[in-house]
Each structure stands twice: as structure tokens, then as C-alpha cells.
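Student: Residue-level listing of the chains:
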Amino acid sequence: MSHVRLVNVTKRFGSVTAVDSLNMEIEKGECFSMLGPSGCGKTTTLRMVAGFEDLTDGEIHVGGRLISSPKKNYYLPPEKRDFGMVFQAFAVWPHLSVYENVAFPLRIRNLPAAEIEKRMKDALASTNLTGAANDSPADLSGGGKQRVALARALAINPDVMLLDEPLSSLDPHLREEMRFEIKDLQRKYGFSIIYVTHDQSEAMALSDRILVMKLGVVQQIDTPLEVYNNPANRFVFSFIGLSNFLELVRVGGRVVLAENRLTEDGLRRGTGIDLPPELVPGEAVRGAEAFSLASRPSEIDFLGAGESGLRGVVTRRAFLGEIVDYRVDVGGQEMRVQKGRRAPGPEAGEACVLRLNRPFWFAESAE
Amino acid sequence: MNDKLMNDIEVMNGITRRRGFGTAQIILFLSIAILVVVVAVPVLLIFFNAFWVNGEFNVRDVARIIREPDTWRALVNSLIIATGTTIGSTLVGTFFAWLVTRTDLPYKRFMKAMFLVPFMLPSFIGALAWKMLLSPRAGFINRFFMTQLGFDGPVFNIYSYAGIILVEVMYLFPFVFIQVCGALERMDPTLEESARISGAGLFTITRKITIPLVMPSILSGALLIMLYSMAHFGTVAVLGIENGIFNIPTLIYQRIHQSAGSFASIRTGTVLATVLVISAALILWLQGKILSKGHYQIIAGKSFRPMELKLRALRFPLLLLCVAYIAFTIVLPTVVIFLVGGLKTYGLPFTWENLSLDNYKFVLFDYKVTKDAIWNSVTLGFSAAVITMFAGVMISYVIVKMKVRGKGILEFLGMLPFSVPGSVIALGVILAWSGRYGVNLYNTVWIILVAYIARYMAFSLRANGAALEQVHDSLMEAARVCGATMWQTLKDIVLPLVRPGMLAAFFLIFLPSLRELTVSIMLYAPTTRTIGVAIYTLNEDGETVRSAALAGIALILIVVGQTLINRFTEKGRG
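In order, the protein sequence lines correspond to chains P and S.
The first sequence lines up with residues 2 to 368 when you count with the numbering used here.
The second sequence lines up with residues 599 to 1172 when you count with the numbering used here.
I should point out that these hints are in silico values taken from the structure, not numbers from a laboratory.
Watch out, some of these pointers could steer you wrong.
Sample of chain S residues lacking proximity to chain P, with all beta carbon distances greater than 12 Å (derived) [what the hints assert, rightly or not]: (1) Phe645; (2) Phe649; (3) Val660; (4) Thr701; (5) Pro704; (6) Pro734; (7) Gly797; (8) Ser860; (9) Ala925; (10) Leu930; (11) Phe980; (12) Met1100; (13) Val1157; (14) Thr1167.
Simulated pairs of lysine-lysine, DSS-like, Cα-Cα distance not exceeding 30 Å [unchecked claim]: (15) S/Lys806 x P/Lys81; (16) P/Lys184 x P/Lys72; (17) P/Lys122 x P/Lys29; (18) S/Lys908 x P/Lys81; (19) S/Lys908 x P/Lys72; (20) P/Lys189 x P/Lys81; (21) P/Lys73 x P/Lys119; (22) P/Lys73 x S/Lys908; (23) S/Lys806 x S/Lys710; (24) P/Lys122 x S/Lys806; (25) P/Lys81 x S/Lys706; (26) S/Lys806 x P/Lys119.
Keep in mind that this is a model prediction, so the values were computed, not measured.
Where a beta carbon is used, it is the ideal one built from N, C-alpha and C, also for glycine.
Sequences are here, hints too, so could you generate the full structure?
Tutor: What follows is the structure in C-alpha cells.
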């Protein structure tokens, strides 16, 4: 049985539905990420798990025990839930030393002094803070403060750790380092992690499973690999990694490229440019009149002039170091292609033929 | 050849500009001159008169004066009253601030607005009202208890330390309230949430996290009250004299007033004033220390609303407490002032036959003393506000924005107005402008105007300084690069941008000056009474009903003025 279980969890602020009947289950020791753009409801969900927000509807169970249910009028306050939590802005108390910050949850629980001493030693050592125990948090860098926040969350040895964008206040190289530290700590202590982030690479690197959310509605829950390889819809595809979309329409049984601009009544007209046979969609979008063809810039090859594929003209070519970034005009729509710097490629202004290696079709158009 | 010549001329221009007496120097010189004449000279004269007797430096004499029973008593009283007021106001202010920012108290916004009302009300008018309510024999409340409920004696004697402290707390607690409200509202809620998820209950969080984090704001507000109360004249003058309770400002006033400026009384006055200035400087230094050292970075980034403590069963009782507090400290005294102002004679019961608007009409249209007082206060306040506003913007401009040599002197002088209490300014102005140094303004309105400018310079410097801090240097540099001279930059870029600060300064001076008492009571002549002086002296002379009527009119003036300003500034912002 799963460790943390959310059943039909719904949160409304007035007339706005922030989270819409969300179901998710997190296994013991699992690292579970909630991913989505800001305002998608991921932080609200985490705060409902923590107990800082009431539920409008649904239930939350942890370790087989009910902790929130508006129907049964049951609500366990945050201080009774025994979670560890790390906040985006660290929330390290500036008036207490590093040691006292970390010892706070232990002292609240009135543990014997020897036990506190033992756990403190462990928590400080695990987060490389042993030397800084008597410092004031004001003297620490952002990374140092985040370590204090982590140590404080670890001190009670929780089963569940809630992380609310814990790395987004750090600079990029430190972010990567802390990512590994969090993963190491999880391996050592065996807690479950619920991790909220808007950074897809962070979610991919850390998580066993990812939940992608949009406007309060779950789009997909899957392993990072599955989310990347088999995105549930256009939104998930666009949110994970770089993406290209070619808008298509069906005109009298043929599938053609759409015009870039919408007509006045919000429809797309066809351009008359046929798709190459290998890109004509099958079952996935049967019945849809307008849909899109998705691809990743790194999964596109340049072909010889005579071969069959999408025909376009290179409009811009930018050297980015390891890779070269091309913008290609295909029937009025722009596509992005990225190749390694050693791979041969056309110059700006040249015509080219593209092969999409892993195409996806989604029965939705651009909004 | 031609190029070289041009080049030489440019170099020469550069040099002459650097050495010459340019715009920057003129502004700097003017700024220093204003502060020296208006603030520094009076304060220096106080020190000089205190320590310099018959051409020699004399500390023993100063010690002797301090040890005189009356002066010593006044010093101790000032300390007792200030300490009591500070502790009381801090407790009340912090509690109410917590209540309106951190709990689910009903009508919080309204309560918050009401708790700030005492800021507007002059405390000496409040003291007058409380005298009418709680003086031992004649006070309405005491009389009610004795005649109706059969009490043997008064329930509370307002002519006491406790009475004075209670009245001061009522009018000064907003200093702490507003500071703590601000800190609690700006505080990052995750600081408290992380304590909660650590297992702490709301009471523990309040005690161990919230209160320590806002402690710098609490202390800074408390020190402000200490500073204000030490040098506070009105309440002690109204309530203390009956039982012989004097504090430093009231003793200075009494000595100067009784002896009409004799040498001995001036000596005592300057020594007491010196003590006030030193304690004020000490308090401000301590406040600066607390604010710089303990100023935690607790400001929130993006975040959710702070959690609200659910008061549950206490919700209604605490609402009742707030309503009762507001009714008792704001509504009751105000109503009493207006009712007494309507009585034919003080002492008559409040029945319809005894109440009329006659006193108000008389005070507004027929009575020369009060008509003069209203006119004096309005013109004095307006002139002081305009002059101080312009002087303040110039001085703050030099302090905040200019890079000229000699700015350090100005920064030091700019600190002075903040640490010089009203009664000290009044005494210093008497020393400087009563003819001893060639100019005699004594017994004219001009001496009050000079004193007002000195007293309110601090407000203007603060408002204008804050506005100028907001104007980024690059905005001015952009104007200079576009070819504007320094004057054009000031006129077209800086002044329009700091106009809100200047307006704020104007109102911060104009409104308080309408109810000013501490300074003008030391400087008035029969024809140069201000509203405050008129209310106070009429009351002293036993013209209680007229005094109350004038106080009522002053309250209306102040409240209407404040409301207009709030309207105006809100519009300006939106």
C-alpha cells in the first residue's frame, strides 16, 4: 500500500479551482515530483499535504492514517504531521544559531538532551554543517542556508519530506550540487520526497516519478523516461524539453500544413503543401480536423536535397558552443533544429530537407 | 593648432569649475547655514549657558542644580513617567498589532484604522477630557460612582503617576502598534510555517519565532515612545500640576514662566534641557544600534498569506475588548470634550436645557483670544510647513544625492533636529532671539515661526530624504548626459519626482502644528497665542467650557484635515 495517498483532492479559492480532484499515491522511499508552470496548483497541493491549506474536498492519507478530510471534518494540524519541509526562501530563523535552528524540532518534542546531541551530530554531519554549528545563519551563503533548512527537516528523521522549490533561490552550479546531496540524503535516510518544481530538468534528475500539472488538473503521472518518451498530450510534450509544433489541417482527405496565422473566425486554413507520407498521422488523431505534429529539435536530421521529407529554408544559424541551433522556415511555420557542432549542416538561406525521427501527433492545435 | 587651443580651453574650464564656487557649493553653504542658524545655534547656546558661568567652565554648578530637590524630582519623574508609559504602550501596542495581523479577529481592517486614530488626537486635549472624567472630586465618572453607587471616595484619581501614564499610553501606543504591524505584515510567512511543520504549536511559535523576529521593531517603537514621553509637556502639565508632579519640560516651563526669564531660572532650564538632549541622543543612538544590528532579513519574497490564529471561543471576547478599548480611549474623551464645550457653565448636568452651540459660536466669531489663536495657528503652521518643506528638500538633496566636500558637517547637522525635543528648542530660541545677539523676536509670532521650523525640520528631512532615495542616480545622470545643467536637472527631473515627498512633508508639519503646545506655550505673548496655548490657558483660568469648545473645534479641524490628506494621497497613488 502506498505511503502518501491523495484521493479526489480539490481546492477552490472563491470561484477559482486551484486543484481539481487530484489523485496521487506516493510509495515509501519514493521521490515524487510535481511539475508545472507557476499557478498550476502544485504548491497548493504540497501545502495541503503539509496542512497549511484546508481541502475543499477529498482526502489525504499518510501511512494508512487519515490526516485531512473536510467531509469527515477531520484535520490534523501541520505540527502534528511529523513531516520535514524545506521552503524556497530557506526560512532559516535569523535570530537563532545554525545549531539552534536544527535543534528546534527536537527541542519542541522534548527529547532527552543526550538524544538531541546524538541526532544533531548526525544531521549536521550529513549536511556538512558540523563546522558551522555556532554560526549565525546571516553569515552563511544561500547554499549554506539551504543546508540548514535541510538539516532542520532531517533532524526528526521524518518519513516524508516536502520540498517546495528548494533549489530555485540558488545559483545554477550550486543547484546541481544540492540536487545530488538531496538524493544522497534520501538514500541514507530512506524518506519519501514530494518535490515541487517548475524546472523540468530538476524533476527528471531527481525523481522516480513525475506528476505534470496544468491549471489544477493532472496531465500525466509517470517515470521521467515515460513522460519524455510517451507524453500524454501536447502540454506535457511542450513542458518537458525543447519542442517544435507544426500545425496541420485535413483538407478533403489530404493532410496539409496549415497557414501560420488564424483566420478571423479563429480557424486555420491549409497551405496546400502536402505532408511527406511517413509523417501522415495514423490512429492517434483520427477524426480531428486540425492537429499538430510535434518533434524535438535534437531528433531531426538534415537529408540530401533529393530525399523525401519536410522541405524548408534555413533562416538563421547560431553557434551555441557544443551545439548549433538552426531556425528553419517550413511552409511559413518555424521549426528549430539542434545538431552537434561537428555534424554537417546547411548555411542560413539554404534550402533543406528535414527528417523527424520521433514524431508525435496531438489532436490539439496551438492556443 | 586650433584643436590644441580648444583642448586647452576645455582643460582650463574643467579646472576653474573644480576650484570655483559653483552651484553645488552654494547649495551646500545655504543648507549648512539654515541648519546652523535654526537648530545648531539654539542648542549650542543651551549648552553654553548651562556650563559657562561668569566666563568660565563650570561643572560643579551644574551638578548642584541637578541635585536641587525640585530639579532632581523632575528628572526622576520624567524617568518614572517615561518608563511606565513605554512599558504600557509597548504591551498594548504589540498585543493589538498581533491581534489585527495574525488572528481571525472580526473587522480587523476597521480595528487597525481605529487604533491609529490616537496618532491624530492631541494628547493634552485627551488629558483635559480625562481630567473632566476622573478628577477626584469633580470628575464625571468619580461623581457618578460616589453619588449614584454610594462609593465613599473617588474610584480613580487621574492626578497621579498612574493617571498620567495611562493617558500617555492611550495616545502613544500607536508608535509601537504601527511598527509591529508593519514588521508582522512584511514578515516571510514561511519562517512561521517552518516552525509549525517542525512540530511547534502556535503559542510556541509566537513566543520563540514571531516575537523574537519582530523584537527590533518592538524595541525601536518603544524607544521612540521613551524619547517622546521624556520630553512630553501636555499631559503632565494638565494632570500633574495639581499634585505637584513636574517632569523636565513642565519644570522648565514653570521656571521660565514664573520668573519671566531671570538668570537663575534660565540656568536651571538650560541644565534640564541639556539632560533632555543627552538622553534623547542616547535613546536615538540605542535605537540606531538595535535597528542596524538586529535588523533581520525577514521580508517575504513570493508567498502565501500568513497563517491566522483561530481565536475560536476567544474571538468574541477579544472583539469586545477591542471595541471597549476604542470606546473608552477614543470615543468617550471626544464626546466629553464636545459635551462640555456645549455647556452653559461647567458643573451643570448634561441636559438639553444646558446644552447649546453658543460657546462654539462665541469661540469662533466673537472671542478675540480664540479667534486670534485659530488665525495664528493656521498661518504659523502654513508658513512653517512651506518654509520647512523647501529647506528640507534642499538639505536632503545635498545629503542623499550630492558628492561635495564638506557634506559630513551637513550630515551631522541633519541628525540634530531628530534629537532635540520641543521644549529644548523653545528654550534655545529664547536664548538666541531675545535681543542678546542683536535680533529681538521675543513676544512676536516670528519667534514661534523660527521654533516651528527648527522643531519640524526632522519631519521634512525624513520625508524628503526617503523620496530622494527612490530617485535613482542614473535618472539624473541621464539628464546631464542629454545636456541639462544641474539646475535644469533639478527643476525638470528631481523636483517632479520628489513632489510626493514634499507634499508629505508639508502635511506632516501643517497638521501637527495646528495642535502644537510644547513650543508655543514657552514663547507666546498675549496676542500670539496658538490654538494649543489658548486651550491650555483658558482651562487654567477656569474657562473650562470655552476651552473645551475650542478643543472641539481643533479636533474637527485636525480630523477633517487628516481625512482630506488621506483622500488626496490615496488618489495620488492610484
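Student: Against each hint, give a clear statement of whether it holds in the structure.
Tutor: To see whether the hints hold, each was checked on the structure:
no.	hint	in the structure
1	Phe645	holds, 40 Å
2	Phe649	holds, 43 Å
3	Val660	holds, 42 Å
4	Thr701	holds, 16 Å
5	Pro704	holds, 19 Å
6	Pro734	holds, 47 Å
7	Gly797	violated, 4 Å
8	Ser860	holds, 54 Å
9	Ala925	holds, 34 Å
10	Leu930	holds, 40 Å
11	Phe980	holds, 46 Å
12	Met1100	holds, 36 Å
13	Val1157	holds, 36 Å
14	Thr1167	holds, 30 Å
15	S/Lys806 x P/Lys81	holds, 18 Å
16	P/Lys184 x P/Lys72	violated, 37 Å
17	P/Lys122 x P/Lys29	holds, 26 Å
18	S/Lys908 x P/Lys81	holds, 17 Å
19	S/Lys908 x P/Lys72	holds, 20 Å
20	P/Lys189 x P/Lys81	holds, 24 Å
21	P/Lys73 x P/Lys119	violated, 40 Å
22	P/Lys73 x S/Lys908	holds, 20 Å
23	S/Lys806 x S/Lys710	holds, 25 Å
24	P/Lys122 x S/Lys806	holds, 23 Å
25	P/Lys81 x S/Lys706	holds, 29 Å
26	S/Lys806 x P/Lys119	holds, 23 Å
Of the numbered hints stated above, those contradicted by the structure are hints 7, 16 and 21, listed in ascending order.
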